[in-house]
Amino acid sequence: MKDIFLIAIKAILTNKVRTFLTTLGIIIGVSSVVLLTSIGTGLSNYVTKEFNNLGANTLLVFPGDIFGDNGGISQERTASALANSKLKMTDVGTLERMREDVSEVAPFNLQSDTISFQQASKTVTVLGTTHNLDTAFNIPVERGGFFDEKAEKDGAQVVVLGYEVATKLFGKVDPIGKTVKLGLQTYTVIGVAKKKGSGFGGPSFDTYVYIPLKAFFKKYDTSSIVRIIVKTKTTERVAEHTKNIEQELQKRLKKDEFSVVNQSEILDTINQILGIITAALGGIAGISLLVGGIGIMNIMLVSVTERTREIGLRKALGATPNLIMFQFLIEAAVLSVIGGGIGLTIAFLGTLALQSFIPAEVTPSAVGLALGVSTVVGLIFGAAPARRAANLSPIEALRYE
Amino acid sequence: MILELENVSKHYQMGDTIIRALDGVNLKVNAGEFVAIMGHSGSGKSTFLQVASMLAQPSSGKILLREKDVTLYNEVERARLRNKEIGFVFQQFNLLPRTSALDNVALPLVYAKIPENERRERAKKMLEKVGLGDRLQNTPAQLSGGQQQRVAIARALINDPTIIFADEPTGNLDTKSGEDIKRFLQELHNENRTIIMVTHEEDVAAIAQRLVVFRDGKVVSDGKNKYAKYKKNLPMQTGE
Numbered sequence: 001m002k003d004i005f006l007i008a009i010k011a012i013l014t015n016k017v018r019t020f021l022t023t024l025g026i027i028i029g030v031s032s033v034v035l036l037t038s039i040g041t042g043l044s045n046y047v048t049k050e051f052n053n054l055g056a057n058t059l060l061v062f063p064g065d066i067f068g069d070n071g072g073i074s075q076e077r078t079a080s081a082l083a084n085s086k087l088k089m090t091d092v093g094t095l096e097r098m099r100e101d102v103s104e105v106a107p108f109n110l111q112s113d114t115i116s117f118q119q120a121s122k123t124v125t126v127l128g129t130t131h132n133l134d135t136a137f138n139i140p141v142e143r144g145g146f147f148d149e150k151a152e153k154d155g156a157q158v159v160v161l162g163y164e165v166a167t168k169l170f171g172k173v174d175p176i177g178k179t180v181k182l183g184l185q186t187y188t189v190i191g192v193a194k195k196k197g198s199g200f201g202g203p204s205f206d207t208y209v210y211i212p213l214k215a216f217f218k219k220y221d222t223s224s225i226v227r228i229i230v231k232t233k234t235t236e237r238v239a240e241h242t243k244n245i246e247q248e249l250q251k252r253l254k255k256d257e258f259s260v261v262n263q264s265e266i267l268d269t270i271n272q273i274l275g276i277i278t279a280a281l282g283g284i285a286g287i288s289l290l291v292g293g294i295g296i297m298n299i300m301l302v303s304v305t306e307r308t309r310e311i312g313l314r315k316a317l318g319a320t321p322n323l324i325m326f327q328f329l330i331e332a333a334v335l336s337v338i339g340g341g342i343g344l345t346i347a348f349l350g351t352l353a354l355q356s357f358i359p360a361e362v363t364p365s366a367v368g369l370a371l372g373v374s375t376v377v378g379l380i381f382g383a384a385p386a387r388r389a390a391n392l393s394p395i396e397a398l399r400y401e
Numbered sequence: 001m002i003l004e005l006e007n008v009s010k011h012y013q014m015g016d017t018i019i020r021a022l023d024g025v026n027l028k029v030n031a032g033e034f035v036a037i038m039g040h041s042g043s044g045k046s047t048f049l050q051v052a053s054m055l056a057q058p059s060s061g062k063i064l065l066r067e068k069d070v071t072l073y074n075e076v077e078r079a080r081l082r083n084k085e086i087g088f089v090f091q092q093f094n095l096l097p098r099t100s101a102l103d104n105v106a107l108p109l110v111y112a113k114i115p116e117n118e119r120r121e122r123a124k125k126m127l128e129k130v131g132l133g134d135r136l137q138n139t140p141a142q143l144s145g146g147q148q149q150r151v152a153i154a155r156a157l158i159n160d161p162t163i164i165f166a167d168e169p170t171g172n173l174d175t176k177s178g179e180d181i182k183r184f185l186q187e188l189h190n191e192n193r194t195i196i197m198v199t200h201e202e203d204v205a206a207i208a209q210r211l212v213v214f215r216d217g218k219v220v221s222d223g224k225n226k227y228a229k230y231k232k233n234l235p236m237q238t239g240e
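So the protein lines, in turn, are chains C and Y.
Residues in the first sequence are numbered from 1 upward in steps of one, following my numbering.
Residues in the second sequence are numbered from 1 upward in steps of one, following my numbering.
Since the hints were made in silico from the structure, they are not lab data.
Given the structure is predicted, the values throughout are model-derived calculations rather than measurements.
Check the hints yourself; a few may be wrong.
As the list claims (entries may be wrong) - Pairs of lysine to any residue residues, derived as SDA-like cross-links and limited to a Cα-Cα distance of at most 20 angstroms, are as follows:
hint: 1; chain 1: C; residue 1: K231; chain 2: C; residue 2: T90
hint: 2; chain 1: C; residue 1: K2; chain 2: Y; residue 2: D103
hint: 3; chain 1: C; residue 1: K181; chain 2: C; residue 2: P140
hint: 4; chain 1: C; residue 1: K2; chain 2: Y; residue 2: P115
hint: 5; chain 1: Y; residue 1: K113; chain 2: C; residue 2: A156
Okay, chain C solo, but in the shape it has when bound (with noise of 0.2 angstroms):
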């Protein structure tokens, strides 16, 4: 058997540059698959270790009812209930008082609008929330401060600058202090925002701009809330505490006017997003190693009929068929392993390259995968030519020109 192995490896090193070109195939869809995986699985932990900054113990009511027909979230409903929205302070008042259930509530409403300081000027979200928003949803100011109660109290026009915003606007003058045109009005700077890039597909949080919700109501003339995020009052007992605070704001409002959402579920409809995107381009990556199984059959019926003679003299000194077909089974699993191993090389090199632009993770599962297909997608491929050379009549072999 071994002896076997080393006649298909040394017929494999013979023809080097065919070799080379034969196991291309399977090292480009090798290496595309893992690849794509990788970014894929990569995103998800991305977006689950992101959420999970934000605390397993957050909840977010939305308005409207917005989970779909199939208990995901719709997006199509989300929108729709974003433009009509029922939630007042009313409610944040409600969430409030219930201090057995809750431990903090900011609300916010945003709005698109035009921010400028001296020539320069953006569009920017202008987003209208209370003073405990940066703890809450996990947004680090990083020169100056949030504003405090007091000033959302009063009202104040004072605004908080996404990281982006700060940069455009100001270049390397120091923002803190300095008077912005939000519209028409004027608003003091008293804070940058860290820079946070975007977070799961949406804007980034870099190109917003934070101003006191009482501020937001008066200049954008109106009452509603788009978004309370909730923190609850203990991270086991979620479940429990979502569903007091479902019913709490019946009492109020319409079952279809609200929609109390906990990380996990936002967390599995991205996941599940994310895991279709991973899976469709993982499939079409493995056509890709389908074409190069073929290429090596290709090859391989090639090599069979170049080497009849050969085949034949082996049979004549005494190669059971069984052996030659070992022989060429083995020289084209031997190939397609050899293209697995370079494709999956060039698959860690290329995460290792992708990770200063996107998060990607080369998974041990995605290696397996690539490897075991690539094997069986050799042996498949090669069995035809091999069966071939098996059966070939020695006489009719030694006696091929």
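Chain C is fixed; fit chain Y onto it per the hints.
Structure of chain Y alone, referenced to chain C:
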């Protein structure tokens, strides 16, 4: 009796016509005999060699090798039989390209499942015996035709076969190398080996003591070789 063919026929279907490549051949070969097989092309001498050497199955008839009916063997058993009992010398040498003389000679031992060390040792001895002890690592491309055929003879002998089959062993060689190979075969005969050699050249057939002539798939003459020039036990002449 080492080899016995009883009423052996080999038929090929070619379109509508059946070609009787061998037609009821009876032949007995004793141990230590050197038999030359002659005949025109299409006479059936090549088919006879293929069938008698277990490379091909006859359509009908019995082949007894050392009293055993080998026509009853399956493909795997016949592969083992060829490996252990038969040595082949071909017109085209049929050495593996890009493979050293040593590995070429050792090839039948691979299929006989002999451990590597022993294979190398035996192949080395056999190459020394055919006068190529200094060419162990040369590939066929680095050897002359005569040298390649000597490697092939070493390979045929490596498993100490019962019968050596040679198919036009000098057909691809110049006169001088051909003479060389003829002397080798003569020497093997001196060692009391059984050789069956197909040739169409009378002066090659002349090294065999017995001559069998084929025509139209039948044996038309069988007896003492009237062309025989050599006597048994001539001293060996080595070298080129």
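Tested hints:
no.	hint	result
1	C:K231 with C:T90	18 angstroms, holds
2	C:K2 with Y:D103	15 angstroms, holds
3	C:K181 with C:P140	24 angstroms, violated
4	C:K2 with Y:P115	10 angstroms, holds
5	Y:K113 with C:A156	93 angstroms, violated
Of the numbered hints listed earlier, those contradicted by the structure are 3 and 5.
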